[in-house]
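Participant: Add chain D to chain E, keeping to what the hints say.
Protein chains in written order, with our numbering: chain E, 1 to 471; chain D, 1 to 484.
Because the hints were derived from the structure by calculation, they are not lab data. Since the model is a prediction, treat every value here as computed from it, not as a measurement. Some clues are possibly wrong.
[Said to hold, decoys possible] Listed below are several chain E residues computed to face chain D (Cβ distance under 10 Å; list not exhaustive):
1) ARG199
2) VAL237
3) PRO305
4) LEU319
5) ARG321
6) ASP323
7) MET340
8) GLN377
[What the hints assert, rightly or not] Think about it this way: if two alpha-carbon atoms lie no more than 30 Å apart in a straight line, the pair counts; the simulated BS3-like pairs of lysine-lysine are:
9) LYS416/D <-> LYS96/E
10) LYS311/D <-> LYS266/D
11) LYS344/D <-> LYS404/D
12) LYS463/D <-> LYS384/D
13) LYS353/D <-> LYS395/D
14) LYS85/D <-> LYS96/E
15) LYS464/D <-> LYS450/D
16) LYS484/D <-> LYS472/D
17) LYS257/E <-> LYS442/E
18) LYS375/E <-> LYS311/D
19) LYS85/D <-> LYS241/E
20) LYS395/D <-> LYS463/D
21) LYS416/D <-> LYS466/D
22) LYS85/D <-> LYS93/E
23) LYS85/D <-> LYS378/E
24) LYS404/D <-> LYS466/D
25) LYS241/E <-> LYS287/D
26) LYS241/E <-> LYS60/D
27) LYS117/D <-> LYS226/D
28) LYS484/D <-> LYS442/D
29) LYS480/D <-> LYS375/E
30) LYS132/D <-> LYS84/E
31) LYS280/E <-> LYS442/E
32) LYS205/D <-> LYS93/E
33) LYS8/D <-> LYS60/D
34) LYS359/D <-> LYS311/D
Ideal Cβ positions, reconstructed from N, Cα and C, are used throughout, including at glycine.
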Amino acid sequence: MKTSQSLAAIRSEIKAGNLTMVQIVNEYLNNIEFTKELNLYVEVYRDEVLEKAEALDLKIKKSPNSLGKAWGMVVSLKDVIAYKGHKMTAGSKILKDYVAPYHSTVAERLVNEDAIIIGRVNCDEFAMGSSNERSVYGVSCNALNKELVPGGSSGASASSVQADTCLISLGSDTGGSVRQPASFCGVTGVKPSYGRISRHGLIAYASSFDQIGVLGHQVEDISIALEVISGSDEYDVTASKREVPAYSQPLESGNKKIAIFKSAIENEGIDPEIKEETLKFIEKLKSQGHQIELLDFEYFDYVIPAYYVMTTAEASSNLARFDGIRYGHRTETSGSLTEMYANSRTEGFGEEVQARILLGTYVLSAGYYDSYFGKAQKIRRIIRDRLIDVLNDFDFIGLPTSPMPAWKIGSIVDDPVQNYLADIYTVLANLAGLPAASIPLKNHSNGSGIGFQVMAGKFKEHELLSFLGTI
Amino acid sequence: MNASVLDKYELVVGLEVHVQLATQTKAFCSDAVSFGDDANTHTSVVSLAHPGTLPRLNEKQIEYAVRLGLALGCEIDRESRFDRKNYFYADLPKGYQTTQDARPIAIGGEMTILGNKKIRLHHIHMEEDAGKSIHDLDPNLSMIDLNRAGTPLLEIVTEPDFRSAEEVEAFMYQMRQLVRYLEVSDGNMEQGSMRCDCNVSVRLKGAKEFGERCEVKNMNSMKFAKMAINYEFRRQIQLLEQGDVVLRNTLNFNPQTGITTPLRSKEDAHDYRYFPDLDQLPVHISKEFVNTIKEQLPQLPWELKETFQKKYGLSSYNATLLTEEKGAAYYFLELAEQDFTNYKSIANLMINKIMPWAKEQQQKVVDFVLSPTDCLSFLELIDKQLVNNSTAYQKLWPELIKQKGQYETPLALAEKLDLIQKSDSSAVESIVAEILTAHPQKVDAYKKGKKGLIGFFMGDFMKKTKGKYNPKEAQQLLVKALSK
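Bound-form chain E, shown alone (with noise of 0.2 Å):
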């Protein structure tokens, strides 16, 4: 392993004298440079990273003892997480040029905690999309093969992390947008519970799924970023107030009770070799003495229209504010007021936005909410009882984190439902609200990772990544 790829041994060089912050940063720096053709940063904070490095390195010297939780971490963020004073565009052709004029609660608290923010990676618009196919920037490649696909919406951060360019990287997870990335580029990617970590200053997708996660090589940093991050937040009343435990400091993990989905690795739609690797592991778990036990899930069905009748529904309101009026997009044609919106916002949105926004609009229409959104919500509420009730016999519930490795650039991007069905496993944690992270297993023989997810229950991040510490 590159020490680049772990905070013990970066910290452990600097304490060593063999490194300095100027020096990981200038790593780091080359590698986006050596890496321009994937695509993945929109952004990068050459002159400032390169300051802060500096600063970094002085007070390293001077004074040791006060070094933030994070200190030598360089970390990306996905286009969706506003970091005051730079742009945050989602990806998107409405948020052209928009500074973002605040700190999320995220960005503010990993600078306090002295992490080095890099850059501002690209994402599919608004975060919707499973590829990264649909961004105004272009597609982002998978740094494993850069034929293929990074995943979405967090494809960039993931695959920014596979490229060696940054330590860790914040994604934002609504359906699966961090875990599905980290599968196809071979990282590991960890969605909190709903409500770990506040949303202040992540553009909403859909409010009641969206989670910010993170991304990188060991869980041990993720832990770390994961305990600067988390916690109650003035400025979001749905982050918990639940104390925030020391994720860096592992608890025991013993031999673990975990429910493997059958339905989910026996589903003809799987990719054989992703049958097969799951398998292997689920093996492994076994031999290392974990009690493995196979499972009925009989709500698959109801999990892909369940999940976007609802999130279409919140974004066709959270994206509502983006009318070119205050910020973003104004369309140059004159007309009516209605005229102005409807027109800056055709030029402002991508297909794809435009699709979800109106099929939130419809299940949301008068005679249709009942049907779709007060239907979508009664499933929702089953799905989640039924995995808070294995959750409650089970400490993990392991399963694909997709059913199909990274397609090539360009495969299917013009078939929603392919594209939306790539989401099937991930979807479940963000229905109920669970903590789940994907892990790497073996690449696919197509170059792409495979990732195995693992789901724990509510608030049970400590448990979850002190167990994937040990696997």
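Facilitator: Chain D alone, transformed into the frame defined by chain E:
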């Protein structure tokens, strides 16, 4: 249209009253709530709906909503929640209004107006105000001021229980009085702190079904609301009389022309696509919270009016005047709860002197320059006939105010100003004797039956004593001396 045609019909009105809450800050962020400041100066990232911003509930509005709900006898929903009402407008930054639809904070309740008319309430819900669009500052541009955007409002929705514009007016005045008593709003209609939408329909008297209704939007003057309702009453009747139908429109009222014009028709009605605001938690209210607010409710104007009439014997008219504002009513109570029991004289002093003073000085009654003790001492001087009534009001009162701080007690000042009625009998007797000696012929005439001459003797007495002696006593002595 002649009166007999109008008389066939009955007016039916329901109201949606919007009350702007007197909180320091907005409903969901810490921007100040203010009126009349420079445009767009209270507009944080939340007010401007910047991407990634979230609402932070101002709990004061919950307290105010519960206060008003309890005062109106509503049932408080202790698990109410916020919903989103989705529509696009330039002064609505988020593209939705945060409001309450499925679970409003207060259900039911009623208010009695004009003595015995009960107006039932459907519910009260919390919501935020929009900004202001200004269309007449520039020929080509619309100006947007978002200072008001996100200001907390309560919307009080009544049942269609009004049968005249006068009832609507009485309800609005009483609602304004109530929100001021409860200190949840300043109730200023001119500044838009209180406004209402009127749902107006007509039907033949005795009909069971309601007629199709029109909604006249945004009335912020009682006078105009009355005009609009009366106009609509005639307009709708005229349509029906012509054999036409009333179309369910949303209307605008133009006070200049006195007529209503359609803003939008039923077909153009917005589909607001209400759904839960999932950026917020349900509004959980504890039983204890409700009880505490209940205990802290002030006495309500109509309760006080009854007390003033029954306990203190005031006329209905005076009781109404005194309870119009909470400050005055409570000041009266403060005065009335001392030892001095001439409540009518307290009421008169308040109505004739103290309340006009407050109005002129634009001060609160409670801040009246003289202390309650001094006010009561003043009234006592009159009651004990130490100063006569007109002297007291005309001479002593202005001086009490003017020389405030320079006297110990009103009595001391009256003495200093030589306004005390003297009742030193021997002194009076000698003056009487003096007068009789000076006018022997008139004394004779009186004794022979010209009793009217008593007025002459009294006049002379008053002239000589400059009104310092108690005239009643003087007259008694004069009569006594003349009948000897």
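Participant: Each hint: holds or not?
Facilitator: Now for the hints, and whether the structure bears them out:
1. ARG199: Since the shortest Cβ distance to chain D is 6 Å, the answer is holds.
2. VAL237: 5 Å, holds
3. PRO305: With a minimum Cβ separation of about 17 Å from chain D (threshold 10 Å), the hint on PRO305/E is violated.
4. LEU319: 8 Å, holds
5. ARG321: 4 Å, holds
6. ASP323: Hint holds; ASP323/E Cβ to chain D Cβ min 6 Å, cut 10 Å.
7. MET340: 9 Å, holds
8. GLN377: Holds - the Cβ of GLN377/E comes within 10 Å of chain D, reaching about 9 Å at its closest.
9. LYS416/D <-> LYS96/E: Cα-Cα ~82 Å, so violated.
10. LYS311/D <-> LYS266/D: Status violated; Cα separation ~53 Å.
11. LYS344/D <-> LYS404/D: 25 Å, holds
12. LYS463/D <-> LYS384/D: 23 Å, holds
13. LYS353/D <-> LYS395/D: Between LYS353/D and LYS395/D the Cα gap is close to 13 Å, so the pair holds against 30 Å.
14. LYS85/D <-> LYS96/E: 28 Å, holds
15. LYS464/D <-> LYS450/D: 23 Å, holds
16. LYS484/D <-> LYS472/D: This hinted pair holds, its Cα atoms lying about 19 Å apart.
17. LYS257/E <-> LYS442/E: Answer holds: LYS257/E to LYS442/E is near 24 Å, not above 30 Å.
18. LYS375/E <-> LYS311/D: 60 Å, violated
19. LYS85/D <-> LYS241/E: Given that 30 Å is the threshold and the Cα spacing comes to 29 Å, the pair holds.
20. LYS395/D <-> LYS463/D: Distance of about 18 Å is within 30 Å: holds.
21. LYS416/D <-> LYS466/D: 15 Å, holds
22. LYS85/D <-> LYS93/E: Holds, because 26 Å separates the two Cα atoms, which is no more than 30 Å.
23. LYS85/D <-> LYS378/E: Distance of about 22 Å is within 30 Å: holds.
24. LYS404/D <-> LYS466/D: 26 Å, holds
25. LYS241/E <-> LYS287/D: Roughly 23 Å between the alpha carbons, so the hint for LYS241/E and LYS287/D holds.
26. LYS241/E <-> LYS60/D: 21 Å, holds
27. LYS117/D <-> LYS226/D: Roughly 18 Å between the alpha carbons, so the hint for LYS117/D and LYS226/D holds.
28. LYS484/D <-> LYS442/D: Holds, at about 15 Å.
29. LYS480/D <-> LYS375/E: This hinted pair is violated, its Cα atoms lying about 101 Å apart.
30. LYS132/D <-> LYS84/E: It holds: about 29 Å lies between the C-alpha atoms, which stays within 30 Å.
31. LYS280/E <-> LYS442/E: Judged against 30 Å, a Cα distance of about 10 Å means the pair holds.
32. LYS205/D <-> LYS93/E: Violated - the C-alpha atoms of LYS93/E and LYS205/D are around 61 Å apart, more than 30 Å.
33. LYS8/D <-> LYS60/D: 48 Å, violated
34. LYS359/D <-> LYS311/D: Holds, at roughly 27 Å.
Checked against the numbered hints listed earlier, the structure breaks hints 3, 9, 10, 18, 29, 32, 33; every other hint is satisfied.
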